[in-house]
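*Asks:* What follows is each chain in one-letter form.
Number of protein chains: 2
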Amino acid sequence: MQSLKHKILTDGTVNSHEILKVDNFLNHQIDVKFLNEIGKEFRERFYDVEIDKILTIESSGIAIATATSQYFDYVPVVFAKKNESSNLDEDVYKSKVFSYTKNKLYDVMVSKRYISSGEKILIVDDFLAKGGAVMGLIDIITQAGAELVGVGIVIEKSYQDGSILLEDKGIRVESLACIESLENKMIKFK
Amino acid sequence: MQSLKHKILTDGTVNSHEILKVDNFLNHQIDVKFLNEIGKEFRERFYDVEIDKILTIESSGIAIATATSQYFDYVPVVFAKKNESSNLDEDVYKSKVFSYTKNKLYDVMVSKRYISSGEKILIVDDFLAKGGAVMGLIDIITQAGAELVGVGIVIEKSYQDGSILLEDKGIRVESLACIESLENKMIKFK
Chain A
1 MQSLKHKILT DGTVNSHEIL KVDNFLNHQI DVKFLNEIGK EFRERFYDVE
51 IDKILTIESS GIAIATATSQ YFDYVPVVFA KKNESSNLDE DVYKSKVFSY
101 TKNKLYDVMV SKRYISSGEK ILIVDDFLAK GGAVMGLIDI ITQAGAELVG
151 VGIVIEKSYQ DGSILLEDKG IRVESLACIE SLENKMIKFK
Chain B
1001 MQSLKHKILT DGTVNSHEIL KVDNFLNHQI DVKFLNEIGK EFRERFYDVE
1051 IDKILTIESS GIAIATATSQ YFDYVPVVFA KKNESSNLDE DVYKSKVFSY
1101 TKNKLYDVMV SKRYISSGEK ILIVDDFLAK GGAVMGLIDI ITQAGAELVG
1151 VGIVIEKSYQ DGSILLEDKG IRVESLACIE SLENKMIKFK
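Residue numbers (the working numbering), protein chains in the order written: chain A, 1 to 190; chain B, 1001 to 1190.
Keep in mind that the hints are not guaranteed to be accurate.
[As the list claims (entries may be wrong)] Listed next, the in silico DSBU-like pairs over lysine-lysine satisfying Cα-Cα at most 30 Å (straight line): (1) Lys-1104/B x Lys-104/A; (2) Lys-1130/B x Lys-82/A; (3) Lys-1040/B x Lys-7/A; (4) Lys-96/A x Lys-112/A.
[As the list claims (entries may be wrong)] Calculated Cβ distances over 10 Å to all of chain B for the following chain A residues: (5) Asp-31; (6) Val-32; (7) Lys-81; (8) Gln-143; (9) Asp-161; (10) Met-186.
Simulated from the structure, these hints should not be mistaken for laboratory data.
These numbers were taken from a predicted model, which means no experiment stands behind them.
Glycine included, each C-beta is placed from N, C-alpha and C at the ideal position.
Please model the complete structure; the sequences and the hints are all you need to start from.
*Replies:* Encoded structure:
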């Protein structure tokens, strides 16, 4: 997606730990008009599939999934929760995920009421790196007996092994921008 | 907002702790078409103000703010973060908030790059109860030297004192549904 690559180059920054920061349009401050473009692009990429629900994970995936739903006939969005809360059902599907950016292991949870057997699920998320978060969501989909139809990623870090891990499992991954390297703070696309 | 009251009555449930659960359309599973109706309603309520940014707090406010931005000429959404992350700037505005649903004190943080002096800010959130989260956001707006133009709330628990607290400070609060009582698990609107 050319406009996304352009936006990453103009608005993204790479910090000293070689982390790509896109928090001025994607995951802290949000450019909603641009997110709608991303949603449209996901619809084009997944033009041939029928989906019942979009699944994502709090927090950064929520805005992306919300914008995307509009181009998939407003199918419901479900976001997996990372934190226990008195508002969450006790009866949940649960999976463990390790976050490298937060350096901790956490549970991801979805109420059993919101994913059902046989439902066709599209996962969307902001980043795909080592694939931990997506694997957790896939585990939840499997527990529910639902069907994963694909994974839509805004930015793939292709130098990490998440996309290979998923494709080896026969999972369809559509990444709108693929980063090959951030070495020397230079953003290089695949 | 009649359609919201209707939705709360048909889809909402009150659990044994007298907590109103609306997680099948608002804060776990999300009905995006309905969120757009909520966004339109906020525009009507705040028809007379100019705003530069919408500020909310992760996670439940994000989808609401994203939908709402579309009716305010796609102004940027900024969501305050509750958790430290290596992705977050070190230079942040920070405030302390006590969460009654999670029973803990936490920091809310916004990068100093995303709220600037003089900007006109609309806060939106899913619930207003005792006002802790909103007061934290207002503290951040004040630290930044920005201007709060109002607070848009989807569901106000009018039997708690958040709205009185805010109105006593001269803050304009627009709540789309006001709950007077959840006694005996009955949802009673004001």
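*Asks:* If a hint holds in the structure, say so; if it doesn't, say that too.
*Replies:* Status of each hint after checking the structure:
1. Distance restraint check for Lys-1104/B and Lys-104/A: the Cα-Cα separation of roughly 19 Å lies within the 30 Å cut-off, and the hinted pair is therefore satisfied.
2. Under the criterion of a C-alpha separation no larger than 30 Å, the hint pairing Lys-1130/B with Lys-82/A is consistent with the structure, at around 24 Å.
3. For the given pair, Lys-1040/B sits about 28 Å from Lys-7/A by alpha-carbon distance, which is consistent with the 30 Å threshold.
4. Taking the CA atoms of Lys-96/A and Lys-112/A, the gap is near 16 Å; set against the 30 Å cutoff, the hint holds.
5. The beta carbon of Asp-31/A is not kept farther than 10 Å from every beta carbon of chain B, the shortest such distance being approximately 6 Å.
6. Annotated as non-interface, Val-32/A brings its C-beta within 10 Å of a C-beta of chain B; the closest such distance is 4 Å.
7. Here Lys-81/A does not stay apart from chain B, with its beta-carbon only about 7 Å from theirs, under the 10 Å limit.
8. Look at Gln-143/A: its CB is around 17 Å from the nearest CB on chain B, clear of 10 Å, so calling it non-interface holds up.
9. Taking the minimum C-beta to C-beta distance to chain B, about 20 Å, the non-interface status of Asp-161/A holds against the 10 Å cut.
10. With a closest Cβ-Cβ approach of about 19 Å to chain B, Met-186/A is found to remain outside the 10 Å limit, as its non-interface label requires.
Hints 5, 6, 7, counting from the list given before, are not met by this structure.
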